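*Asks:* Okay, here's what each chain looks like letter by letter:
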Amino acid sequence: MKKKQAVAEDKVEMIPPESSQEEQGGEAPVKAKRSKTEEVVYHPVKLSRSDLYRPPTAEELSQLKEAESLFHCSLLKMQMEELLKEIALSERRKQHIDSFIQTVTNLLQTVPESPEVEVSDLSWLSGAVKVPFLLVPKTTKGKFHMAPPASVDLIGSYPLGTCTKPRIMVDLAVTIPADVLHPKDVINQRYPRKRALYLAGLAQYLTSSSDIGTMRYSCLHGNRLRPVLLLTPPGKDSSSFSIRVHACPPPGFFRPSRFHPQRNNIRIEWYTELQASKSERIDPPTPHYNSSVLGDLLPRAHLQFLCAISSQCSSFANGVALLKVWLRQRELEQGTGCFSGFLASMLLAYLLTTHRISNTMTAYQLLRNSLNFLASTDLTVNGISLARDPDFTAPSLAEFHSAFQVVFVDPSGHLNLCADMTACTYKQLQHEASVSMQFWDNPTVDGFHSLLMTPKPMMRTSDHVFQLCELVKLQSSCKKLNLLSELMDHSGNYIHTVLPFILSLLQQGLGQRIRLLTHSLSPDPEWSVESDAPKHRDQPPLSFGLLLEPELAASVLERGPPADSPKASEFRQLWGSRSELRRFQDSTITEAVVWDAKTMCQKRLIPRQIITHLLQLHADIPESCVRYVGSMVDDVIKTGNEVHSTGEEESLLVVQSYDDLSRKLWRLEGLPLSITAVQGAHPALRYTQVFPPLPMKPDYSFFDREKTTRSLVPKEGKPCPAYVTPIKVICHMEGSGKWPHNALAIRHIRTAFHIRLGELLKKNHNYTCRPCPTHLDVWKDGLVFRIQVAYHREPQVLRESVNAEGLLVVRDNEEVQALEMATIHKPLLTSTLHGLQQQHPCFGAVCRLAKRWLGAQLFSEHITEDTADLLVASLFLHPAPFTPPGSPQVGFLRFLHLLSSFDWRNNPLIVNLNSQLTAADYTEIKNTFMGSRESLPVMFIATPKDKTLSMWTKQAPTVQILQRVVVVAAECLKLLEHQLMDSSQIHDIRVIMRPPLDAYDVLIHLNPKQVPLLSQAVDPPTVTFSRGVMTGGVGKSGGALPVIDYNPVSLYLEELREAFGDLALFFCDPYGGTVIAVLWKPKAFIPVPFKTSQASARSIEVTGEEVNTVPNVKAILEDFQIMGEGLVKSVEARTEKWSF
Amino acid sequence: MAPSKKKHASSKPCIIPGGFTVLSLQFSPDSAAQHQLFVKEHKVRAEKSSGRPLDRTLFVLNVPPYCSEAVVKKLFSQFGSVQSVELRDHPGSSKESGPKLSKFFRAADKKGFNVGYIVFQSSASVSAAKSHPHDVPLVVCTELHPVRTGVQKWIQEYTQSFVQPDKLQQIVDSFMEGYDKRKEEEAERQRKEAEQQQEDEEGWVKVTRGHKGAKARPHTEAANQRTLQKEMRKKKRKELMNFYTWQHRNTQKEHIADLRKKFEEDKQKIALLRVQRKFRPY
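Chains as they are written, first to last, in the working numbering: chain A, 2 to 1141; chain B, 331 to 612.
Treat the hints with care, as some may be off.
What the hints assert, rightly or not - List of simulated lysine-lysine pairs, DSS-like, C-alpha gap at most 25 Å:
no., chain 1, residue 1, chain 2, residue 2
1, B, K440, A, K1082
2, B, K483, A, K708
3, B, K483, A, K1130
4, B, K441, A, K1092
5, B, K597, A, K86
Rather than coming from a laboratory, the hints here were simulated on the basis of the structure.
Just so you know, these numbers come straight off a predicted model, no measurement behind them.
Put together the whole structure using the sequences plus the hints.
*Replies:* This is how it looks when you write it as structure tokens:
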């Protein structure tokens, strides 16, 4: 007994801490809110001992267990809950909506009757309201009059509870009274027209009411046969939601069997307005027209059906909401032929009724299962049906398949819910679903973020994008493709008539080159009630996206069947005059098409050649209508003069020359120690140098000669000679007891190695060499390689020192870090990224675009080449939610997006090079990162070899610079995407490469004559200078050593930074920039007491006993001029704020 | 230029509270702006080193980057003949001694603002410099002694960076010779020390700090650490973790505490994200 009592007491005691815990939980958000205005910082949780070790309740245990077992971690569960909270409608909003619905319903009930007139007679409408319908052909039979609706009902997502923010749409079905309609109205668009008239009548009546804000027409999913009326509430919250008024026939007014996909409801004679010589032509079936009318009959039945389903499954609404978010991020839930929220709930209903998911599952599981279903089921081949026991008049699935591309039959068994969807859209959906499943299963990917939080606009998703402008031209392709009956079925909407044909044509032509062909869903047009319905041609241009297959996309040859095979004629028919017979090396003779492209940048555009050729040939669409935006940005890294090239070929030349050098180094005989490794340590050797070094041949007469070595040196008074990049190569020497154990001695021995290597290379291969204590320059194939000998124990020697007590201590210092960076980390990074380039052919190009942009925006000094390369590598290694970029442009866009959207404050960017990191490593990195955030670099990049330090970003960027980068990147991305998508005018892509200079305090303008890289400038210079380069073949070896690594601009910058680094920041575009922008550091300009350690470039102000110093701006500005004598054209001080 | 004449005409030298005299300096005769040099006699208690005799050394602050040692020497020879000039990037004791290095192996000179130690032949020059009036500027670049800056200087530097390979080899050889010699001497010294510890004729051994063979104190930091860790491991191995019931219960408790902690952490992360509006999908 006593024991029991004790237990009971225990229980009583347990309650208080529980409740206090809850109170704390309640308080947390309040606290968080309060801190919103202050700094938002993550502090590691500190739970008191009593909190951690108090005995658990059963409820708490089960909660913890569920979180552990159901989700990757409980974080995901919470994230989903928060997301659902964000998109759910608030109670206040619902009340608003309900009251507005009530007003509208009441208003609608009082619509006055009007006298009966002919349908084509529009005189009863006042001029202020137009009919939302394209009246082509003009005449129709039938009578029409206005009458109050038979009923007004809520349909769609709102009553079902699946309505989500943003763009809240509440659907209201207004039933047209039966006496307005006639059962035969199905034929020849009579019913759709009456419906449009009825809407116009409603609109006319509603205009007089003050309870309604704005009124616009739109049409349901872009179908012009199904106009709707959009009403918004008056006042300030007019944009918060809108009511969509549908006009519907009374339920069961038309017999569903009339809308069988094989039946005709539009007569040719009527449509063409020709008394077609009583031909025995049978009227073709009109499946799309049928389904659009049938769709109006069923919404109430659908709502009932879905309500029944959702009442059984508690998380149905949340599941639909998540699915809708997923669809919306992929731009799949709006427009013609979309996978709308309605379809999403139907899909979930299908999965529930077929018991693929159970009623007890959570929203997260619903989403996961439906994605899994979408990924594994092809509705273009095996359609699905919700109909349990369809009546005998219902069409079979096969009949649906013959009429529509995608089949998903509704519960009645008569309607195909996916009637307007193209096969391509479904394939896109399927692709997205399967990609999403992959990311979800990958423990190293933040599934929540990549699936539900990241938008995937077409511009950033597809490798190449092209647009069809001037959609009028599609009319002629209708003729060319002989699509009259389809045109009739789509009631004259030539765009949607042609689209499936164009898509299949392109699919056929591009074949293996692409993984996926997608197209934009034309958005629902909206227009005011006072204007006529917009014409089809006023639609925004159609965009198509290609996801390229990297290996095959750039192939110049399209090999067809052998000449004698029956398929040959098909091939010839497809390619027209481009197809020709060719004999191949394996002695087969086949049909083939050869596209002409020499360089990589031309090859990348072969899909464009194919597309324009096919569209011209088969669909009569002229080339001028096709706006191809695959490689517009690439211009800025174009080099060649005669043949356009984006530098892939030049990089390859450099790499080949390096390979040759490395082979020759290995074979050298007569070295005291053998070479153990030769590694490249320069961006050019991993294809990421913005402008790869070009082989050059110096013009000797342009230079002076150095006296002893006869090497070329720049001549005073001439323009600065062309810049020769030294390409860094690290040469590791064998370890041996002979190496001294002393830093200085190692340096001398290294010099001896440089001398010896130079001698041997000169003797064996006649390369001109120049040994220095730090490196050996080798002049080879018109390029300069800078070989540095490394000894693997040198860092260790540098680290060791003996302290006062005779204890040997090992300490890191800057010298060691610099050495390890140069001899270990950089070569490793170079070889790793070289490997990445082999996997992804456009990796290099993306890096180069990214670095060109960073340079142009004056950030190169802060985001170094290696950092930029790593950032780009992360795009390729962790593409979620995308696929790895397949063209430089899309890679660049994603680079800008990464820069602008990554949360550097709270997340490490993990670049899993060679996939060496496991999921456990990821958590470890994140934890150590969180634990010591304050002391780590602002931009934290972790790699397998560097999990905790982020050595590449240790020095730079600083917080301020990073913030600036983020802002500029976001702005550039917005501008660039807009320019690429907007076909209406010709844009200058280079705008994003021109930095805003008004933020800087001083501009130092340079003399272009002394800027050796002038030709690489963003805007090609107007004047060019002779820089001592001869055209013609480049010597393999020998010859005088050219001027190496002599760039006055970088020398000047170096001096400036060294002299004034603590007073100002200096920005310059390393690729031909002629302006150095200077930004004073505000801190340096606060007067400080005179100190011997802080007197540089300062002047004093004496006030009594106090001596303060401030920067001597006047003298500094003059120093800018003096130190850059000959290089500086002018120094422009733009702000007066510092010159007191 | 007639500095002596001007000196008479002008007012007093400008001396600021720190004891420094302010001299002004301009690059060329027609420069508009001037830098301020701060000079003072070199006075350091601790240092009695060779290079900077206390009475004859002038300490100069804020020497602009285009003033090399030669230029400074010339500038200050108007106060008396200069024995040597030493430029440093920050004030401090003179360089540690070591083997003499050729210019190719020395660290590159700093190109920023420097401090200078100017050693005059006589101590009178120091006071002459200190009493130099403020409004008579020193001029760096005159027609007689032009100072090269900018492109001219860079071309000159580039040209001077060349060295004949055999000359470089000589430098290396001579350094290594010296190094080997030093090393040999060192080895010799050690050998002698070891010899001292041998038995002498009478069988006595001079005992000094540990010798070969004896278990010596670990002399590197890493070894110290290793021994410490070894001890720890030993201790740990001896412990039994799952022996008593309370130990078992404790591990369970730890597990729940872990879960709780993670849960709390997640909750906090969420709260943070919510504040940052990170859940708005669009």
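*Asks:* So, for every hint listed, does it hold in this structure?
*Replies:* Hint check:
1. A distance of roughly 22 Å separates the Cα atoms of K440(B) and K1082(A); the hinted pair therefore holds under the 25 Å criterion.
2. Between K483(B) and K708(A), the direct Cα distance comes to roughly 18 Å. Compliance with the 25 Å bound is thereby established for this hinted pair.
3. Taken as a hint, the K483(B) and K1130(A) pair is honoured in the structure, with Cα atoms around 17 Å apart against an allowance of 25 Å.
4. Distance hint between K441(B) and K1092(A) is fulfilled; the C-alpha atoms sit about 21 Å from each other, no more than 25 Å.
5. Simply put, K597(B) and K86(A) have alpha-carbon atoms about 15 Å apart, close enough for the 25 Å limit, and the pair holds.
The structure fails none of the hints (numbered hints given earlier).
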